[in-house]
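Asks: Here's the letter readout for the chains.
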Amino acid sequence: MSLELVATILGGLTIGSALMVVISKHPVRSVLFLVLTFFLISSNYILMNAQFLAIVNIIVYAGAIMVLFLFVLMLLNLSKDNEPKSPFYIKIAAVTAGGTLLTVLIAALKDGIMVGSVSKEDGSSIGLVQNLGHELFTTYVLPFEISSVLFIAAMVGAVLLAKREKQLID
Amino acid sequence: MVLASIFESGVSIQFYIVLSTILFAIGAIGVLIRRNMIILLMCIELMLNAVNLLLVAFSTYFGKADGQLFVFFIMVVAAAEATVGLSILVMAYRNIRTTDVSIFNKQKG
Numbered sequence: 001m002s003l004e005l006v007a008t009i010l011g012g013l014t015i016g017s018a019l020m021v022v023i024s025k026h027p028v029r030s031v032l033f034l035v036l037t038f039f040l041i042s043s044n045y046i047l048m049n050a051q052f053l054a055i056v057n058i059i060v061y062a063g064a065i066m067v068l069f070l071f072v073l074m075l076l077n078l079s080k081d082n083e084p085k086s087p088f089y090i091k092i093a094a095v096t097a098g099g100t101l102l103t104v105l106i107a108a109l110k111d112g113i114m115v116g117s118v119s120k121e122d123g124s125s126i127g128l129v130q131n132l133g134h135e136l137f138t139t140y141v142l143p144f145e146i147s148s149v150l151f152i153a154a155m156v157g158a159v160l161l162a163k164r165e166k167q168l169i170d
Numbered sequence: 171m172v173l174a175s176i177f178e179s180g181v182s183i184q185f186y187i188v189l190s191t192i193l194f195a196i197g198a199i200g201v202l203i204r205r206n207m208i209i210l211l212m213c214i215e216l217m218l219n220a221v222n223l224l225l226v227a228f229s230t231y232f233g234k235a236d237g238q239l240f241v242f243f244i245m246v247v248a249a250a251e252a253t254v255g256l257s258i259l260v261m262a263y264r265n266i267r268t269t270d271v272s273i274f275n276k277q278k279g
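Going line by line, the protein sequences match chains U and Y.
Residue numbering for the first sequence follows the working numbering, starting at 1 and increasing by one per position.
Residue numbering for the second sequence follows the working numbering, starting at 171 and increasing by one per position.
Here chain Y stands alone, though its shape is the one from the complex:
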């Protein structure tokens, strides 16, 4: 079953621009105020998803499939990034026994 396209029913593309910009800003604020490394990674995922939302919105708006394929590749990169980021985090936790990012201020070299 295929729904009617949302952009023909009165929802403008500006709605999704504002929505995804707000989501991106929330992710950016989260990266700046939280100090737990896991939360930082999650906020990065949130920002990636905000961009995905806007890409899908424009893809539907213009009737081209390219935007949705970009989202597909962004998901691939996000999965790889989460894997490596989390394994770095686990290794850092084993060594320094905390997930506080400010501990890295003490690193030298």
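Next up, chain U with everything else stripped away, as it sits in the complex:
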């Protein structure tokens, strides 16, 4: 089985499960399809020799973020008919807008000139931890440190948002 066929099948499955995220009526089913989509995207990363990112994608997205979504969903205890349906004309307008976006983006990117040359040397090691870690702690060390500030800000924000309500109850 050629790699091309594998890539095509994985791509088709990814699009299918991404569509199911939007189509599914029940929110929990939607979350589970999104987890499936993330796993399929991770398999695409492995095909592209980005092994480290594939594992991080599974751990961070499918593991942490999606569990957080699922947890909040169960906390809220939503029923199936909790979400009112959008009017039909809004659906038509949304699909038209999305289709236009898709057409324009593909038309713009399809024949785009790929500036720079494709590396002819063996690029199969760039996705490994050693190489990425070296780049991260030399070239990108400042953004790396700043992202920790972002995390503290997000953490403080989340705690603050959750806590203020408690004081109101008291």
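In case anyone wonders, no lab produced these hints; they're calculated from the structure.
It cannot be assumed that every hint is accurate.
Dumping the calculated EDC-like pairs for lysine to aspartate or glutamate here, alpha-carbon to alpha-carbon at most 20 Å [unchecked claim]:
#, chain 1, residue 1, chain 2, residue 2
1, U, Lys91, Y, Asp270
2, U, Lys85, Y, Asp270
3, Y, Lys234, U, Glu135
4, U, Lys163, Y, Asp236
5, U, Lys25, Y, Asp270
Given the coordinates of chain U, assemble chain Y onto it according to the supplied hints.
Replies: Frame of chain U, contents of chain Y only:
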């Protein structure tokens, strides 16, 4: 173990351009047609992942590690965004008892 690079085996970069554009469009359509706030956040995650996929594809295609590090930072931002978004959502649900986004039309000020 290191697999052979996929771009040497006949898969073109255009394949991944089309794939990630379709994923992005699905996410955008989802944001427009759904009204549940949680689904909206999930569709945003889907769009972020479409961009990640294209960045990794170009990173491998050109043999540079920068694209993959950008994906790393996008994941950091997405995690922070999901945390704050979900806590806002929980707080809104406590106050208005629904996750319908159209309720925010009634907000004044």
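Asks: Each hint needs a verdict: does it hold in this structure or not?
Replies: For each hint, the structure was consulted:
1. Lys91/U with Asp270/Y: holds (16 Å)
2. Lys85/U with Asp270/Y: holds (10 Å)
3. Lys234/Y with Glu135/U: holds (10 Å)
4. Lys163/U with Asp236/Y: Between lysine 163/U and aspartate 236/Y the Cα gap is close to 39 Å, so the pair fails against 20 Å, i.e. violated.
5. Lys25/U with Asp270/Y: The given pair, whose Cα atoms are some 14 Å apart, holds under the 20 Å limit.
Violated hint for the displayed structure: number 4, the only one.
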